[in-house]
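> So you can see what is in the structure, the chains are spelled out below.
There are 2 protein chains.
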Amino acid sequence: MKFLRPKSKTLLLASAAMALAFNVQSLPAQEKPADHGDDASAAYQPSMTTLGQLQVEIPGRKPGDPVMTPSEYQNANTIYFERCAGCHGVLRKGATGKALTTDITRENGFEYLRDFITYGSPAGMPNWGTSGDLTEDEVDMMARYLLLDPAAPPEFGMPEMRASWKVIVAPADRPTKKMNDIDIDNLFSVTLRDAGQVALIDGASYEIKTIIDTGYAVHISRISASGRYLFVIGRDAKVVMVDLWMETPGPVAEIKVGTEARSIETSKFEGWEDKYAIAGAYWPPQYVIMDGDTLEPLKIESTRGMIYDEQTYHPEPRVASILASHFKPEFIVNVKETGKILLIDYSDVKNLAVTEIEAERFLHDGGLDSTGRYFLVAANARGKVAVVDTKEGVLTALLETGGQTPHPGRGANFVHPTYGPVWATSHLGDDTVALIGTDPEGHPDQAWTVVQQLYSMGGGSLFVKTHPTSAHLYVDAPLNPDAEISGSVAVFNIADMSQDEPEFVELPIVEWAGIAEGQPRVVQGEFNQQGNEVWFSVWNAADLESAIVVVDDKTLELKHVIKDPRLITPTGKFNVYNTRADVY
Amino acid sequence: MKFLRPKSKTLLLASAAMALAFNVQSLPAQEKPADHGDDASAAYQPSMTTLGQLQVEIPGRKPGDPVMTPSEYQNANTIYFERCAGCHGVLRKGATGKALTTDITRENGFEYLRDFITYGSPAGMPNWGTSGDLTEDEVDMMARYLLLDPAAPPEFGMPEMRASWKVIVAPADRPTKKMNDIDIDNLFSVTLRDAGQVALIDGASYEIKTIIDTGYAVHISRISASGRYLFVIGRDAKVVMVDLWMETPGPVAEIKVGTEARSIETSKFEGWEDKYAIAGAYWPPQYVIMDGDTLEPLKIESTRGMIYDEQTYHPEPRVASILASHFKPEFIVNVKETGKILLIDYSDVKNLAVTEIEAERFLHDGGLDSTGRYFLVAANARGKVAVVDTKEGVLTALLETGGQTPHPGRGANFVHPTYGPVWATSHLGDDTVALIGTDPEGHPDQAWTVVQQLYSMGGGSLFVKTHPTSAHLYVDAPLNPDAEISGSVAVFNIADMSQDEPEFVELPIVEWAGIAEGQPRVVQGEFNQQGNEVWFSVWNAADLESAIVVVDDKTLELKHVIKDPRLITPTGKFNVYNTRADVY
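Residue numbers (our numbering), protein chains in the order written: chain A, 47 to 630; chain B, 47 to 630.
Hints may contain errors.
Identical chains blur together in the list; that is why a pair holds if it fits in one copy or across any two.
[Stated by the list, open to error] Derived pair list, reagent style DSSO-like, types lysine-lysine, alpha-carbon separation capped at 30 angstroms:
#1 Lys396 with Lys374
#2 Lys224 with Lys212
#3 Lys437 with Lys224
#4 Lys139 with Lys396
#5 Lys437 with Lys321
#6 Lys144 with Lys396
#7 Lys609 with Lys212
#8 Lys255 with Lys609
Please keep in mind that the hints were generated in silico from the structure rather than gathered at the bench.
All chains, full assembly: derive it from the sequences and hints.
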């Protein structure tokens, strides 16, 4: 197995940093930082700014250095939070992106920062200026902003959570049986990113059953073990719980779990179905266990602590993905900056037992193998995948994927014609797909090694997808700058993988959608329950037409295009059955 | 059981805050805070101070307000760390003492602070001025110091620990059998507080076998399960490991685990004897698991997190006492400010499992019941005792002691003539001793309730003591301001406890010691291995004569006085056998 590939397709600048674009969204007004003073046109004094109530002199700044007005500072803070914090951290300590503390930014200076923000870098910094995402004035403002110390973000503990918590329909007032004729298990929950909504779409009729207001840029949908409750979490850390039994499914509870978040999950172990929900926050760095019926917050745990290898203190270890074990009453919580995988035993919340597995820094997302026993999670900026045995509660393996910045989503499980059961991940930073053996019993030599490396259309991939009944592996590339590539999906025939370098076909999804305006990106294949159709989002700008394209998995031909004026910026899609049963 | 007692003896001002005096000690030079500028006589500008590299203007201060010179700031910082931080916290967030953040101190103002520091308060603030501990000028300086923001204390992670770690005698170079004729199990390790040493004193001959340099104001001694290794920890967080098999027992390894610390313990579960040591720090708020042969630091865990009841974030949850379980491969770690008891499973340090028990805030010290199964720990500022079942890993009970600020040390276990097995604690804040039933099988009605309240000489008690072979319960009162009381020990006859209000006799320990100068305090009874003698420290000022007084437990008569010019400020004493076998 060699990882170097001389004839590799164009290596892209697309990187983990670009993935942030997937989640960029204006924050609601109440999320904006506190006003730092009257919005007068008077600039700050050249060497002073406000931090809380204190006037802070910044010795590194010289008279004549660029300055900011209070309103500029406020705007820059909002932009930083939306566009930059995901990679560089709320405290600017760095993670997927570099550290941007003032000792570094002042050393680099205003012009360097301005140009870096404008043009980006091959290492993964997006070209915010030349892409048109930020105006020249905004780039100028952000460069000045980075010369100032970050505003201290607020804590968000139990008083704040309880204040945000609403039970919209109490459990006693909910239906005792399903009140609609929806085939819930074949329903799709579709993130309408910039609208701050999810659409529930029927898997058979392609009909939008309802649209539900949620937090902004819903990151994921998860389904309770019974299949009744849908949980979504926005990038603004708002959790919404939807009852799919209601005549028209709608929210029954909501809560905010912090200022920024990514992950939500519900208890799935036998005897604990629907009992608890858990949400993980980026800021404050913490997770919260909630009542599964009401979202009542029960237990908040901070993730602040030591980085696993250096054992130095990190003030902002963000909670990345969370997954519920099928083998134990446990949540598996991945802490990004400290590189620790936490096994949270939810069987006794008052006497909470947590096993902390030393894995690798920059843990991001991942999923279970086909047996449900092993959890594979990408340490993206380290180019690695960590494997946890959820039955034994130990780290089984830590391996290099051979690609740059793996981004598996939950990954894709299938039986390789040569190597048996494998789990696949594509990469943000290059065109490779790594196939990792997951069968220590039947294929011990291949277990937890990269058995094969596929070459797809190009870098900028976010998701791979297959289904137990499918003969295909789908690989998207929505963050690829080439419109043809970002508008298509690569399909590998699993049977061809016995060859040295299997070919793929490209499905022209955007073309099939018949959308002329904009440069829509094709993102995240999702199968229906039966596994005979795979759906792709055609994600266009908020003011342009988007669509969902349904492909026949047998023939690889277009089956249907879902279009609706309400389908604004569709991104992630979550089939209820596949999501709750961890079929991927 | 009534807790109000109209005819109670003088209720003392002695409080938890005073307990700090027990551990006050100058820090070595390297511990002093970084110089904040040239030690010129020029005062700071009225409204500016330095915080790191930043010049910070303090808006709350008016021109003409008191100011500090850099050298004053440095001195005040040292005094704060030595005298105040133990109760008020390094970050001044408050704990046993009140919060002293600048929003509060500036509201109170300079004169209020000056007077409060001078005269103390009935709620437990010591009278640092009128006691003579601080000069008038020092009190003035401390009041000004408290108007400024605290200096940010440094982190102390693995790089700092490893830099401080020294193996003085490698395991391979140590003796393979005991090379001396010392009866190790009857040796006493005696803290020589202000000397930064421990004395090892033979329990039969009363001979000082050796004096070992340690950290400052050694808080406790602990013995490895085999009885071979002695571990001591200073208030300055320096751990010293002593090999008792060497011809002259001496240090074989040392390490610093932070800037301030209190607790050390070693693994005692069968199969894990002598394998690990653990130390807990006040600052940074963390604990570290170390190799039991070399003190090599293996795993550092932060305790920063949520307060158990409010579930708000606390930046400085200090590690109070630590105890090794006899029922599982676990350390029991008590986290003061968050009120959580952590059960640390040391059987797999790489995949560390921690059970976090919600108990009560301000956990301090405690010990096991006579069976070793239940751990009782004081939540001192809450007037409570938490009981943990170390076999099941759950909170068994949380009860009020009926007294003010319980301070059990490890407590005292004996069989009460009426109520069966009990565990006792005295109090800092009043003269009561609480007897708590510990026999849920044989005496279920009494289990985990205060079965009887004794009234001792007065408040200011730190330790109670008995032994399985003893008919007596000893209660000290070293922090009582009355010299007669602080110079004596109360002895209760256990057989008399069937009476409603058992009387005690007072042993005039200081008088027996024959020390004329100073006002020495009698502290901490400790039995020899056989249980027929109990030793008391006669703790005088560093430049005056101190002593250890040995009392015959049968006759309650003076047996011996140990005096030696090297016995400077003796405080805690730890009999090797009783300490390693948890006999108390």
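> Hint by hint, note whether the structure agrees.
Hints, verified against the model:
{"no.": "1", "hint": "Lys396 with Lys374", "verdict": "both (18 angstroms within a copy, 20 angstroms between copies)"}
{"no.": "2", "hint": "Lys224 with Lys212", "verdict": "within (23 angstroms within a copy, 68 angstroms between copies)"}
{"no.": "3", "hint": "Lys437 with Lys224", "verdict": "neither (34 angstroms within a copy, 45 angstroms between copies)"}
{"no.": "4", "hint": "Lys139 with Lys396", "verdict": "between (33 angstroms within a copy, 26 angstroms between copies)"}
{"no.": "5", "hint": "Lys437 with Lys321", "verdict": "both (21 angstroms within a copy, 27 angstroms between copies)"}
{"no.": "6", "hint": "Lys144 with Lys396", "verdict": "between (38 angstroms within a copy, 28 angstroms between copies)"}
{"no.": "7", "hint": "Lys609 with Lys212", "verdict": "neither (33 angstroms within a copy, 70 angstroms between copies)"}
{"no.": "8", "hint": "Lys255 with Lys609", "verdict": "within (14 angstroms within a copy, 89 angstroms between copies)"}
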